[in-house]
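*Asks:* Below are the chains, spelled out letter by letter.
Protein chains: 2
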Amino acid sequence: MRKVTFGGANSLDNYIARKDGSTDWLFMGQETDAKETASITTEFWKTIDTVVMGRKTYEVALRSGTTSYPGVKNYVFSRTMKKSPDKKVKIISIDAAEFVRHLKNQKGKGICVMGGGLLAKSLFEANLIDEIGFVILPVLLGSGIPLFHEMNHQIDLELLDCRTFKNGCVFVSYRVKK
Amino acid sequence: MRKVTFGGANSLDNYIARKDGSTDWLFMGQETDAKETASITTEFWKTIDTVVMGRKTYEVALRSGTTSYPGVKNYVFSRTMKKSPDKKVKIISIDAAEFVRHLKNQKGKGICVMGGGLLAKSLFEANLIDEIGFVILPVLLGSGIPLFHEMNHQIDLELLDCRTFKNGCVFVSYRVKK
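Heads up: the protein sequence lines correspond to chains A and B, in order. Just so you know, we're using this note's numbering here: the first sequence kicks off at 54 and counts up by one. Just so you know, we're using this note's numbering here: the second sequence kicks off at 54 and counts up by one.
It is worth saying that the hints were derived from the structure and are not from the lab. Some hints could be false.
Each pair may be met inside one copy or between any two copies, as identical chains are not told apart.
In silico lysine-lysine, DSS-like type, Cα no more than 27 Å apart, as pairs [stated by the list, open to error]:
{"no.": "1", "residue 1": "Lys72", "residue 2": "Lys231"}
{"no.": "2", "residue 1": "Lys219", "residue 2": "Lys231"}
{"no.": "3", "residue 1": "Lys219", "residue 2": "Lys56"}
{"no.": "4", "residue 1": "Lys230", "residue 2": "Lys219"}
{"no.": "5", "residue 1": "Lys88", "residue 2": "Lys230"}
{"no.": "6", "residue 1": "Lys72", "residue 2": "Lys230"}
{"no.": "7", "residue 1": "Lys72", "residue 2": "Lys174"}
{"no.": "8", "residue 1": "Lys140", "residue 2": "Lys126"}
{"no.": "9", "residue 1": "Lys140", "residue 2": "Lys56"}
{"no.": "10", "residue 1": "Lys140", "residue 2": "Lys157"}
{"no.": "11", "residue 1": "Lys136", "residue 2": "Lys174"}
{"no.": "12", "residue 1": "Lys141", "residue 2": "Lys99"}
Just need the whole structure built from these sequences, with the hints factored in.
*Replies:* In structure tokens form, the structure reads like this:
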């Protein structure tokens with residue numbers, strides 16, 4: 054079974070974006086630690102060959118000029134989007150949990166669930182996520198779109214890694230106990 | 054001016070308690086790290102002489118058999134509670150921010166704001182909190198009472214400390230940038 058990792062970034066008060074979807078605050082102080090954070094991303098990127106994301110997360114990527122991630126299969130879940138501006142991206146309109154369960158059972162490297170709190174919620178509830186890895190930024194946004202949404206059950210975790218960066222970010226990763 | 058520190062514990066998805074107020078999950082695996090966590094608490098305790106908390110947090114303390122914290126002044130904010138079961142605890146019925154501003158201007162050691170997400174919200178909004186220090190437990194509760202509530206403005210932080218424990222807890226502390 055392929056490993057499914059939920060990755061992203063979070064404010065200390067559990068917001069992945071402002072209420073209007075903007076993520077400007079994610080880049081504060083990034084320049085001071087470009088090397089260190091890049092090495093985590095590079096190492097992780099070697100372990101995966103597939104990225105899945107929700108439509109809203111994809112729209113954020115599009116606004117920043119990213120139409121697809123190179124070297125991996127890109128899937129975007131949406132019932133309203135018919136076609137992606139990038140032919141390397143497949144739009145998936147069936148149930149996300151059903152599709153990810155299907156992917157998990159295929160041969161391949163790891164699968165990364167990007168951003169999307171609501172997508173992660175449905176995958177957590179279906180017990181499809183194996184690991185979580187994200188950066189906690191040194192900010193209380195005060196309001197916004199949560200990274201972790203309400204879920205129908207408690208999920209116990211095992212801490213795998215915790216690193217701090219000069220810019221005050223804390224990277225944490227966990228294994229989901231099953 | 055005395056330093057005001059917001060302390061507590063949090064699940065990875067930002068809940069300080071279950072929806073019914075229960076905090077049973079806070080004690081999971083605690084025994085494996087009693088010494089390490091106790092040393093953080095002991096060091097912090099030396100820097101304060103005052104504890105303030107909301108009524109709900111106080112009721113949680115009462116249920117666990119704690120009627121007051123020894124060696125410090127205990128204040129509980131409540132408009133409905135008339136009398137504490139412990140004469141060492143003062144019930145404060147005026148506005149929490151106004152009272153804490155008054156305390157900050159008096160001489161003395163640090164002030165600890167315990168638990169209470171709603172109390173912290175009002176003190177954060179009034180720019181009265183100087184530091185945050187809490188333990189992140191390795192669990193997604195799924196639902197509950199948030200540690201960090203919605204606030205009327207963004208608060209930028211500076212990471213001061215980050216330590217991990219064998220039981221998977223991560224202790225983080227931050228200075229509030231003003």
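*Asks:* Taking the hints in turn, state whether each one holds.
*Replies:* Checked hints:
1. Lys72 x Lys231: Between copies only: 23 Å across chains, 33 Å inside a chain, cut-off 27 Å.
2. Lys219 x Lys231: between (34 Å within a copy, 20 Å between copies)
3. Lys219 x Lys56: Close across copies (24 Å), not inside one copy (30 Å); limit 27 Å.
4. Lys230 x Lys219: between (31 Å within a copy, 16 Å between copies)
5. Lys88 x Lys230: For Lys88 and Lys230, the Cα distance is within 27 Å only across copies (25 Å; inside one copy 31 Å).
6. Lys72 x Lys230: between (32 Å within a copy, 23 Å between copies)
7. Lys72 x Lys174: both (18 Å within a copy, 18 Å between copies)
8. Lys140 x Lys126: Intra 11 Å, inter 65 Å, cutoff 27 Å: intra-copy only.
9. Lys140 x Lys56: Within one copy only: 26 Å inside a chain, 56 Å across chains, cut-off 27 Å.
10. Lys140 x Lys157: Intra 23 Å, inter 60 Å, cutoff 27 Å: intra-copy only.
11. Lys136 x Lys174: within (25 Å within a copy, 43 Å between copies)
12. Lys141 x Lys99: Answer is within: at 19 Å inside a copy they meet the 27 Å cutoff, but 59 Å across does not.
In the structure shown, no violation is registered for any of the earlier numbered hints.
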